[in-house]
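*Asks:* Given next are the chains, with one letter for each unit.
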Amino acid sequence: MIAIGSLRLLRLSALVSAVFVAWPVLAQGPTVTHPVITPPTAIQRVEAHYPESALATGDHVDVLLELTIDADGHVTKAIVLTSGGTEFDNAAMAAAKSWLFAPAKRNGKPAESRIHVPFHFAPPEIVSATHDTHAGGEPDVAKKDSSQGEVAQTTTPPTIPIKSLAKPQETAQTEDDVEDVTVFGPIQRRTLGITDYNEHVGELGIIPRTNASELLKLAPGFLLTNEGGSGHAEQVFLRGFDAHEGQDLEFTVDGVPINDSGNYHGNGYADTHFIIPELVESVRVLEGPYAPQQGNFAVAGSADYHLGLDRRGLTTEYTTGTYNTQRLLVLYGPKDAPPGTFAGAEYFTTDGFGTNRQAQRGTAVAQYEIPAGRKATLRINATAYVTEFNNAGVVRNDDYASGRVGFYGTEDANQTGNEASRVSLSMTYERRFEQIDFSQQAFFIDRTMRLRENWTGFLLDVQEPTQEPHDQRGDLIDFHFDEVTMGARGFARWHGSAFGLRQEFEGGYYARVDLTGSQQYRDAAGTEVPYLTNADYSSTLGDIGVYVDGSVHFTRWLGLRGGVRADMFTFDVLNNCAVQNVANPSKTSPEIDAPCLSELEHGAYREPFTRNTTASGAIMPRGTVVVGPFNHFEFSGSVGNGVRTVDPSYVGQALQTPFINVQSKDIGVAYGSGLGHDLTLVAKSDFFQTHVDQDLIFDPTQGRNTLGGGSTRTGWAGSMRLVGSFFDLAANATIVKAVFDDSGTCAPTCGLLVPYIPDLIVRGDLVLFHDLPWKIDHKSVRATLGYGVSYVGRRPLPYGQTSDVIFVSDASLGVRWWGWNVRVAAQNLFNAQYKLGEYNYASDFHSAPSATLVPERSFTAGAPLQVMVSLSATLGGT
Amino acid sequence: MRWFAVATAAALLAACNGTTGDNLITFDAFASGAAGASQPFTVSGFNIQLTTATMLIGAVYIDQDATNATGFDTPVCIDTGLYSAQVPGSCCTGGPVDLLSTTPQAFSIGGNGTADVGRTWELWLFDPASGDINTANTAQVVNLQGAATRISDGAVFTFGAIVTINDNRLIPDSDPSQPGLNPICKQRVIQIAGIDLQLFQGGTLSVTIDPRVWFDEGIDFSTLPLVTSAACQLDANSDYGTAEYCIPDSNYETGLGALQGQELFTGIHTGGGAAYSVQYAATQ
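Going down the list, the sequences are from chains A and B. Numbering of the first sequence is given in the numbering used here, commencing with residue 46 and proceeding in unit increments. Numbering of the second sequence is given in the numbering used here, commencing with residue 2 and proceeding in unit increments.
These aren't lab readings, by the way, just hints derived from the structure by calculation. Backbone N, C-alpha and C define an ideal beta-carbon position, used for all residues, glycine too. Please note that a few of the clues may not be correct.
As the list claims (entries may be wrong) - Computed beta-carbon distance windows for the label pairs: (1) Gly96(B) with Asp396(A): 42 to 50 Å; (2) Ser730(A) with Ser207(B): 37 to 45 Å; (3) Gly111(B) with Thr461(A): 44 to 52 Å; (4) Gly96(B) with Thr461(A): 54 to 62 Å; (5) Asp849(A) with Asp29(B): 45 to 53 Å; (6) Asn626(A) with Gly155(B): 18 to 26 Å; (7) Thr461(A) with Thr81(B): 21 to 29 Å; (8) Asn24(B) with Thr658(A): 52 to 60 Å; (9) Ser207(B) with Asp396(A): 34 to 42 Å; (10) Ser175(B) with Asp638(A): 50 to 58 Å.
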């Protein structure tokens, strides 16, 4: 009689840990936009055998294993957490490694996970024999598997049955079946209510997007324009803010900052082109400055790109299209590694549409996400990016109307040689303790950029008395910026229980030092030799932020989230060209034609540079009240303060407040629910108002943004996302009015409008996906059809004018079979001719016989129809 | 939060209304001579009858700022941000302005600007086809012919005058620390103060020039050189018609009649509101 080791799973208490899901089972509001986690479920189990050598002891032994389950449901790793002795450990691991699971899922996609599984070894019991009438043998002793309550009968010779479930089946895992589920991924912040848009790209990724910035359109209210060429940062409009090239939006990629500090062209300039769009798993947009974690530049809000590669294996994609556009993309995600482990490389080149729009770029990124002990993750990311591009710049309306310049032409073909580069290295360590989640990140970034833009033609090189007589030599701006950034951020978040509800409290910090250099010259037309220095700054900038953030739930339907942030900013600015004119120059040793003078009045000598240092701090309270959910509705109201630092040119000695202040408030409602039949719906409606004490206004004569007066934006934003088994529909709209504060007593409901801010933005994206009714080699063929549309209402322009409306559609059609994917994408499907940016200001491109010195309409052209065909193959993945 | 909700609702209702202020305008532009310029006039002891009087206007600019009324501050000639309206083309479509005719003569292109108030205005005397306001420009900006009768004895002096603005008019550098203080554009731009011109869309700009004022500096016609003399051959294309004498085309000529060239140019350059007037009115 052979005793059969038995396996009995202990009754397991369940708690899906909060490692990955920021707002999981407690359902503090509509969660559909946040990662939805389902734990793995065992569909095929194998019993562990009670070691024969231990039968004599007859002990009950417990072994606790930690199993790592890959996205296929196989157990790839088993670790003994609680040992019952080598024999029992080995028996448990031998059995566990044969188990088969339905894998854990994150937003419906299989994901790697870790679970704890206890084994209880009970020695087999001997029961009385029963008679068996089957032929040919003496009845055997029936053995009882005490764990399963079954009676197993065997004939001689005895065999040891390997039991499994009668059939593989998904057993619905409940909270009672899973002790602890750990799904790999970074610690996420809890939702901040209706202004929090954590948009998983998902199927919407098929909508053609030329760069990562366009993924921002998944959140409401974004308008992107670009007047500087494909390597130039997009100009971002959000919630009534002309966030310029990122100056009013805090951009990060997995917490690593993107905004430049000390960039004379635009302090806060954010070039996101180093991000490969296919590596963006989700984008979290927080509209408004309501989270204590948001720092400098979070005036209109913040956007954090979360990188990850769901498509595992080796993927290569080649794209070709109009205007001699070609792109080669290689992505690699090891099959048994989490989505956060990947490598990617991209090469892109295009002749561009029209004139002066050639561009090329290369990007390489590698990220490694590895367990670092129990419940800890280490993520290392290295990125390198370079681009070189030409810039068409603006076209004067009268030149276009007269036929002198084409709609897609250029006023100055010398806007060439633009470039940008970025190299970064970051390490993030996250660990989950019993009640504390801990994160620590360090980053290093090296950035350079060169821009050559001509906004004004031959207008600004006026004759100065201290110059030799000259003609207008041209206004081609030649700007160069370099920056080395070092920093770190971290937090510790405690979570516990009070009032029977989960409570959280977080303390964190942010530290950043930037060593920057900004030089701006003007190059002479024809020779392209610099003839004038506009600016030359060398700066050391510091930012230390400290915050506390709490999430308190008084009842299941009433919560308060918020805290306070304090930032200290330091500026050490060396102006290398501090003196550019004197009223009474030296008569004996004049500095003729010198842009950076070494003299005071009447020739008294001084050094040409000036150093200014200052520092100041801001304390910014922020909070959100969340009421609900009530029948899937959640209401929230937020208030918060934010800051944006000024660029070094504004820093004077001991300037008290080298930043602008922002006050913002939001109120709205969100709805989120599963509608049955695999349908989920999330919808939001939000009213907002934001005030800044000094706005940034674009000055074409300087080619950059300059400080203006205070302004207020008041508006409404709405969004919805409906996801089904074969479609994904997202739509959003924003209405806003932005007025200057000094425009009358009726402000902010009336008054002079802030120029360039669109009053209405509507965006819709629809993707249909389904398996086709035939198969190839027994494998499904999946078709995907995507369509996106953007509408931008008339924008107020200076001098009482308004722009044209913009209405553009994009579409994509793809077919996927096994690891192969073919896609055709069209941007501006109906080839609409539209003006992406419109301006009214004075410029002189020799459009008229004499100098043109008064404002005239100018514009940047939107891209015409572009068709791209892509072919990709994925090998060795899922 | 009630006020916030009310303000928000009101702002949204008014979202489609509002302005950034000001407005862009376009307008027609004409130039003509003053009434009576074709009639005899008396100045400095001479009765003068003009038979030919033309002026080449390269451009007209209306300025918002009144502070430059008496001259140029730094920078010289062009001060960006100063201008509210412009006619950046020459007058007139068929050639220079006939200053003996009161018939409005159209500029070669229309004008444009912003709906602001003009406080000063500028006449640019050069040929735009030659390039920048500071480049060498041999265009004849003024062409005069006529007869001056000395009142004392009835002597008649038929005269012609060709005015170009190049090195012949350039103010010498007097300050080595400011070599760019007096570029040639300074001599080509006539700035006139004392206007109060409300600009609006669809109006008509009318420039009136009275050449008679140019002689108020006191031309002594009796000292003028003969047209056959070297002083009258400074310009290769000089054409004085049937005149016997010329007013030299230079501020720095020596000899007989040397001062008269400078006197005439001074009269042209400083004629002010008496010689040059501008009006802006609704188009009839």
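*Asks:* Could you tell me whether the CB distance from serine 207(B) to aspartate 396(A) stays inside 34 to 42 Å?
*Replies:* Cβ of serine 207(B) to Cβ of aspartate 396(A): about 51 Å, so the range 34 to 42 Å is violated.
*Asks:* Does 44 to 52 Å hold as the CB distance between glycine 111(B) and threonine 461(A), or does it fail?
*Replies:* violated, 35 Å
*Asks:* If you check the beta carbons of glycine 96(B) and threonine 461(A), does the distance land in 54 to 62 Å?
*Replies:* violated, 42 Å
*Asks:* Within 50 to 58 Å: is that where the Cβ-Cβ distance between serine 175(B) and aspartate 638(A) falls?
*Replies:* violated, 19 Å
*Asks:* Between threonine 461(A) and threonine 81(B), does the C-beta distance stay in 21 to 29 Å?
*Replies:* The hinted range 21 to 29 Å holds for threonine 461(A) and threonine 81(B), with Cβ atoms some 26 Å apart.
*Asks:* Does the beta carbon distance between asparagine 626(A) and glycine 155(B) stay inside 18 to 26 Å, or does it fall outside?
*Replies:* Violated, at about 58 Å.
*Asks:* Okay, glycine 96(B) versus aspartate 396(A) on CB: inside 42 to 50 Å?
*Replies:* Holds - the Cβ-Cβ distance for glycine 96(B) and aspartate 396(A), about 47 Å, lies within 42 to 50 Å.
*Asks:* State, for the Cβ atoms of serine 730(A) and serine 207(B), whether the hinted interval 37 to 45 Å holds or is violated.
*Replies:* With a Cβ separation near 57 Å, serine 730(A) and serine 207(B) fall outside 37 to 45 Å, so the hint is violated.
*Asks:* Hint says 52 to 60 Å; check whether the CB-CB distance for asparagine 24(B) and threonine 658(A) agrees.
*Replies:* This hint is violated: roughly 45 Å between Cβ atoms.
*Asks:* Taking 45 to 53 Å as the stated bounds, is the beta-carbon spacing between aspartate 849(A) and aspartate 29(B) within them?
*Replies:* This hint is violated: roughly 26 Å between Cβ atoms.
In terms of the numbered hints stated before, the structure departs from hints 2, 3, 4, 5, 6, 8, 9, 10, listed from lowest to highest.
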